[in-house]
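Novice: To convert, note that position 45 of the sequence shown is 45 in the working numbering; the numbers rise steadily by one, no gaps.
Just so you know, the hints here were simulated from the structure itself, not pulled from any lab data.
If a hint is listed, it holds; no wrong ones were tucked in.
In silico SDA-like links for lysine to any residue, alpha-carbon gap of 20 Å or less: (1) K142 / F152; (2) K58 / I13; (3) K142 / L166; (4) K95 / I161; (5) K131 / L116; (6) K58 / A6.
Pairwise CB distance ranges, derived in the manner of DEER restraints: (7) L151 / T59: 17 to 23 Å; (8) M104 / G30: 37 to 43 Å; (9) A32 / I173: 26 to 32 Å; (10) S76 / A3: 34 to 40 Å; (11) R138 / R51: 38 to 44 Å.
From a predicted model like this one, the values you see are computed outputs, not experimental measurements.
Don't be surprised by glycine CBs; every beta carbon is placed ideally from N, CA and C.
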Amino acid sequence: MAATIAAYGRLDILVNNAGISGSSVGDPDGVAGWDRVIAINATSVFLGTRRAAKEMAKTGGGSIVNISSIMGIVGSADSHPAYHASKAAVRNHTKAAAVRYGPMNVRVNSVHPGFLPPMLNATNQGGRDSKIPMTPLRRLGKPIEVANGVLFLASDEASFITAAELVIDGGFIAQ
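Could you put together the complete structure from these sequences and hints?
Specialist: Here's what the structure looks like:
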């Protein structure tokens, strides 16, 4: 953020897009793994949002887009419990931040991607293929489809949208 503000004199947009799945932390019931997933997926969003909102408020506002997941809306036995909890935290933090920073003309929204090829291990074709029949559009999403949603929420075209959840999942959570 500091480099952007130094170069351009302001911060207009922040996309919080860091995250880990939890599979790399080992024991799904271990506290250390839980803490790591929560720190990366949720606490980093809180810290980034807080800092960006203060900077944006100095220059009349801006837009923050927090990347969550459909796994922050629905449960699954296939995912690490901390992943679900962390993405649900992003979802609700986004709403609280939108209320808190709205009076400063800072919009805060969340995007909830569904199943995308980069997020499904390319070496696990069976895992990828199993998601397709579970999605009403009968295909995986494309990264550009998520990027276009983020671009819309960050843009002035979404100037009256805050605290919203944009689910980009081919209809998966509707079932």
